[in-house]
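Colleague: Protein chains in written order, with our numbering: chain A, 16 to 192; chain B, 11 to 363; chain C, 40 to 285.
Don't take every hint at face value.
Restricting the straight-line Cα-Cα distance to at most 25 Å, the calculated cross-link-like pairs of lysine to any residue (SDA-like) are [stated by the list, open to error]:
#1 A/Lys173 / C/Gln186
#2 A/Lys81 / B/Ser345
#3 A/Lys140 / C/Thr255
#4 B/Lys360 / A/Ser80
#5 A/Lys81 / B/His136
#6 A/Lys102 / B/Ser345
#7 B/Lys13 / A/Pro52
#8 C/Lys258 / A/Gly171
#9 A/Lys81 / B/Ala358
#10 B/Lys246 / B/Ala358
#11 B/Lys13 / A/Lys102
#12 A/Lys168 / B/Glu228
Don't read these hints as lab results, they were simulated from the structure.
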Amino acid sequence: MEKSVLIAGFGGQGVMSIGKMLGYAASDAGKYASFYPSYGAEQRGGTANCTVIISDEEIGSPAVSKLDMLIAMNQPSFDKFAKKVKKGGSIIVNSSLVTSKVEDSDIAAFYVPANDIANDLGSPKVANIVILGAYIGLSGALSEEDGKAIIKKMLGSKADLLDMNYQAFDKGLQAVK
Amino acid sequence: MSKEFIKGNEAIAEAAVRAGCRFFAGYPITPQNEVPEYLSARLPEVGGHFIQGESEIASVFMVFGVAATGIRSMTSSSGPGFALKSEGISFLAGGQIPAVLVNVSRGGPAIGTIEPAQQDYFSAVHAPAPGGFRCFVIAPQNVQEAADFVYEAFDIADKYRTPVYVLADGMIGNMMEVVELPKMRDLAELPSNDSWRFNKYNDDGSARILSTYMPMGELMQKKNKEMAAMYEAWEKNEQRWEEYMVDDAEYIVTAYGSSARIAKSAVKELRAEGVKVGLIRAITLFPFPKDAFAKLDYAKVKKMFCAEMSIPGQYIYDVQNAVLGQSQIIPIQTSGGVILETDMVVAAVKENL
Amino acid sequence: MEKIYERVSFTSKTSPTGYCPGCGHGTAHKLFARALEHFNLRDKTVLVYPVGCGGLAMPWINVNVIGAAHGRAGAIATAIKRANPENFVISYQGDGDLAAIGTAETIHAANRGESITVIFINNANFGMTGGQMAPTTMLGQTATTAQSGRSLEEHGAPLRMAEMIATLDAPKYVARFALHDAKNILKAQQGIMKAVELQVKGEGYSFVELISMCPTNWKKSPAECANYIDETVLKAFPLGVFKDVK
Ligand SMILES: Cc1ncc(C[n+]2csc(CCOP(=O)(O)OP(=O)(O)O)c2C)c(N)n1
Numbered sequence: 016m017e018k019s020v021l022i023a024g025f026g027g028q029g030v031m032s033i034g035k036m037l038g039y040a041a042s043d044a045g046k047y048a049s050f051y052p053s054y055g056a057e058q059r060g061g062t063a064n065c066t067v068i069i070s071d072e073e074i075g076s077p078a079v080s081k082l083d084m085l086i087a088m089n090q091p092s093f094d095k096f097a098k099k100v101k102k103g104g105s106i107i108v109n110s111s112l113v114t115s116k117v118e119d120s121d122i123a124a125f126y127v128p129a130n131d132i133a134n135d136l137g138s139p140k141v142a143n144i145v146i147l148g149a150y151i152g153l154s155g156a157l158s159e160e161d162g163k164a165i166i167k168k169m170l171g172s173k174a175d176l177l178d179m180n181y182q183a184f185d186k187g188l189q190a191v192k
Numbered sequence: 011m012s013k014e015f016i017k018g019n020e021a022i023a024e025a026a027v028r029a030g031c032r033f034f035a036g037y038p039i040t041p042q043n044e045v046p047e048y049l050s051a052r053l054p055e056v057g058g059h060f061i062q063g064e065s066e067i068a069s070v071f072m073v074f075g076v077a078a079t080g081i082r083s084m085t086s087s088s089g090p091g092f093a094l095k096s097e098g099i100s101f102l103a104g105g106q107i108p109a110v111l112v113n114v115s116r117g118g119p120a121i122g123t124i125e126p127a128q129q130d131y132f133s134a135v136h137a138p139a140p141g142g143f144r145c146f147v148i149a150p151q152n153v154q155e156a157a158d159f160v161y162e163a164f165d166i167a168d169k170y171r172t173p174v175y176v177l178a179d180g181m182i183g184n185m186m187e188v189v190e191l192p193k194m195r196d197l198a199e200l201p202s203n204d205s206w207r208f209n210k211y212n213d214d215g216s217a218r219i220l221s222t223y224m225p226m227g228e229l230m231q232k233k234n235k236e237m238a239a240m241y242e243a244w245e246k247n248e249q250r251w252e253e254y255m256v257d258d259a260e261y262i263v264t265a266y267g268s269s270a271r272i273a274k275s276a277v278k279e280l281r282a283e284g285v286k287v288g289l290i291r292a293i294t295l296f297p298f299p300k301d302a303f304a305k306l307d308y309a310k311v312k313k314m315f316c317a318e319m320s321i322p323g324q325y326i327y328d329v330q331n332a333v334l335g336q337s338q339i340i341p342i343q344t345s346g347g348v349i350l351e352t353d354m355v356v357a358a359v360k361e362n363l
Numbered sequence: 040m041e042k043i044y045e046r047v048s049f050t051s052k053t054s055p056t057g058y059c060p061g062c063g064h065g066t067a068h069k070l071f072a073r074a075l076e077h078f079n080l081r082d083k084t085v086l087v088y089p090v091g092c093g094g095l096a097m098p099w100i101n102v103n104v105i106g107a108a109h110g111r112a113g114a115i116a117t118a119i120k121r122a123n124p125e126n127f128v129i130s131y132q133g134d135g136d137l138a139a140i141g142t143a144e145t146i147h148a149a150n151r152g153e154s155i156t157v158i159f160i161n162n163a164n165f166g167m168t169g170g171q172m173a174p175t176t177m178l179g180q181t182a183t184t185a186q187s188g189r190s191l192e193e194h195g196a197p198l199r200m201a202e203m204i205a206t207l208d209a210p211k212y213v214a215r216f217a218l219h220d221a222k223n224i225l226k227a228q229q230g231i232m233k234a235v236e237l238q239v240k241g242e243g244y245s246f247v248e249l250i251s252m253c254p255t256n257w258k259k260s261p262a263e264c265a266n267y268i269d270e271t272v273l274k275a276f277p278l279g280v281f282k283d284v285k
């Protein structure tokens, strides 16, 4: 089973770090994973995106034509990439910043107000962890344990932030249930 | 062995260190910057040296100098930088100095784009510089192979005393994948180069001279013949390719590097729909895997497709030269940083069934 | 109300310069654009652009541009001016471009005394490629290829191009200014005016180095960058006019 997701947003929204966390988690879970960032000039200040593929076998193209899933962290990303999602695929919409709705009825839409949830938790920075939770809740490519393990690993010495991050992760999971 | 989730450029750099590379000189250029950045910190940890040259020309000649003293050495760059390195590559080949060159290629000509492309094929394979020589050229398709081939490149370079050119691209350099890195080599186990390294005197006390200047035509020709014989030996012994579902194939797609992994996805998709299609992936680009094409049963092959991220096509010339008119070859090409998509390959094959 | 400030007439109203907040390239562009406007040179100008962040303002500056290969602007500008003396030729370059890969072209154009105006942006790193060490990086300053900081033993001291060029016989005007506060920007404007006028009068080669901040790669806020320039950069790169031949 091969699952692709494109994560896109403003530089600074942690788009690349969500992508890398998925890759690290998949790697730790013994799966194949690829993380392909857009490294063009648009990175500086503009929009950033990356494609992550998690698979049980060797991965073909790391930049796929049709996505299983899109995570749209901001409006321009939604506008640009929603049409790349395949029929039967899904879109996680950061509804804190994206006002559009998914119009294609063959695509499952999940509206997660990641920034609002993060602000309620008292740390705007964990919006990407909310999204990580939502991804894991939906994609089936990684387990809840995989997700929590990678959060712990990435935080490293900043263990005092673990609770807050786990809470953000759980909120993300619940938001797509 | 443990696996790591690592960026292509860093895998290339770490694999070099593990292969025994103890000298790197380079100059910044996207999309390969993490290679020098990583090595600037890593090489001193293992007693090696890193120098950021004032240009690619300086960098490649630093490598020439150090490699001539028998220390495993590498440089990396991308298209515009390789344009400048060409003089040094010619000296490496002419001086029979083993070294590893990594091109994390991007779109051109000139400054072009920093996005990934396969537009340096001719330059790597046929004309790394004027003077009619070749490099041993090998092309990884993913991060694992980028690490493995760089690692192996040092052995090939030593074996034949030649520059070995690893032709990667910005996609491989900048993506992260799960990789098993090769083991750290003990420098003591590396083949001895005492017989030739130019900072050692001969046993009888005579001096060693590394000069690529051949005052007499006959001498130059003799050298050219020796080099030609080496290239023939490569063609006989070192061709490498991968075949995927070729046995019963009526349609053959061929590609190398990143394009090949994309083409393979397309072949899987087409097979799932019952199309009898297979893939030939060139792994060595020089020597070109002619045998893979020579042994095809052209009575069975209806059409061939050649996918590459270069317009105009370059790889396709070598494919044509190997197929010798026995099959139609349909190009599937993107260029300048536009990534080849699986759908394009699928569509091209279906249109031609 | 009296108008005391105006956009340079020929620059784009719609395209931004494309620079990061705090970057000196934007200021430098505004200053030389102002000088072109002042001497009414826009329609004669050929701007030779480097490879580096310098070239990002191409859509904004709205003058004719010939894009050089990395480091070769000095050669290209030389030849354009020789064959087209009626053109006004600027070579605008970063420190990787002018002082690393292009050192030979830089020195030889200066030494021949070509009738060109060189504007040199010294931001103490390779900006466009993401913050590698440049010949102008401060001792102790970290860079992605000098992660524990530039060291004198390993990398040598910051290369002072203006001082070097001032030792040559041919150059007519060689100066260094900074762009980190209003006072210095005003001085830089005067220096650039002077350098431009020199070419207008056909008097020869001029070289204006501009100390410029790079908040993105220095990983400092613009205010911290300005302090860093005052406290550290200007010690290695003292401001001043090194040559002014009357
Ligand atoms: C021959 C060649 N080598 C390397 C590069 C990659 N490259 C692009 S911009 C640049 C350096 C930019 O630094 P600098 O000249 O200091 O200008 P800045 O961006 O800081 O203004 C380099 C090395 C290139 N394009 N061509």
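Colleague: Now, for every hint given, state plainly whether the structure supports it.
Modeller: Verification of the supplied hints:
no.: 1; hint: A/Lys173 / C/Gln186; in the structure: holds (23 Å)
no.: 2; hint: A/Lys81 / B/Ser345; in the structure: holds (20 Å)
no.: 3; hint: A/Lys140 / C/Thr255; in the structure: holds (20 Å)
no.: 4; hint: B/Lys360 / A/Ser80; in the structure: holds (17 Å)
no.: 5; hint: A/Lys81 / B/His136; in the structure: violated (36 Å)
no.: 6; hint: A/Lys102 / B/Ser345; in the structure: violated (28 Å)
no.: 7; hint: B/Lys13 / A/Pro52; in the structure: holds (21 Å)
no.: 8; hint: C/Lys258 / A/Gly171; in the structure: holds (23 Å)
no.: 9; hint: A/Lys81 / B/Ala358; in the structure: holds (17 Å)
no.: 10; hint: B/Lys246 / B/Ala358; in the structure: violated (34 Å)
no.: 11; hint: B/Lys13 / A/Lys102; in the structure: violated (34 Å)
no.: 12; hint: A/Lys168 / B/Glu228; in the structure: violated (65 Å)
Hints 5, 6, 10, 11 and 12, counting from the list given before, are not met by this structure.
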